[in-house]
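Numbering (the numbering used here), first residue to last: 9 to 213.
Do not rely on the hints blindly, as some may be mistaken.
[Claimed, not checked] So the derived label-pair ranges between C-beta atoms look like this: (1) A188 <-> A147: 18 to 26 Å; (2) A147 <-> E122: 31 to 39 Å; (3) E122 <-> P200: 19 to 27 Å; (4) S57 <-> E189: 32 to 40 Å.
Treat the hints as calculated values from the structure; they're not laboratory data.
C-beta: ideal position from N, C-alpha, C; glycine also.
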Amino acid sequence: MKRSHRTLGILTVAAVAAGAWWLSGQRAESNEARHLVNRVWVERMPTDSRDVFGKLVVLDTPDGKFGVVGRSSTWVHHYEVFLWRLAGDRLSAFFPQHGVRDRVRVRTWACEGEAPEPFELCLEVSNERGRGRFYSMRAWEVRPHDVEGTASEIPGMAGALEILDAHPGHEGAVPDDGVAEVPGRLLDAVLPEGRGAGDPRPSAG
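Based on the provided sequences and hints, a complete structural model is requested.
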């Protein structure tokens, strides 16, 4: 259980790192998703410390494959932890709190010059109902074995470690049977109201 707490703490730290507005090898199974894992992805760069914006982290650790999705500012945080499985460019996400699953297609690519500054990498998450675009920087890689080191490199992250014991921990895999499918669950958790998977309009950018 202690290791599970630590893994979920890493997820929280990574997400809060994206909320700090002053932020200046191949792990996935598909070339389309090669930048997806162990990286902080954000909807956009926040305008100030109170600006609430979306972020997504998909983390592969010795304890399991966990992710966190949600919206926050420097001062307020709303996250949900999920378990995930990647097959090619298809990401399955299981949300243990509600016992539901979502399946999306993911595509990542180097997009410096195409993306809004200062971003260097792009992620598109889509299903038949809509899509969302997220951004990252090459330096925003999360090291699952060195959360303290990651925290020390980005201002404002160290305090997030206090949230570690708030999570009960949950180990396991994405179930194949007996789970309700909720299309758009992932995007609805990270994008502003009206821009989730139920809205066919792509995200700006």
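Verification of the hints:
1. A188 <-> A147: 18 to 26 Å: 38 Å, violated
2. A147 <-> E122: 31 to 39 Å: 18 Å, violated
3. E122 <-> P200: 19 to 27 Å: 22 Å, holds
4. S57 <-> E189: 32 to 40 Å: Holds, since S57 and E189 (Cβ atoms, about 37 Å apart) stay within the stated range.
In summary, the numbered hints that this structure violates are 1 and 2.
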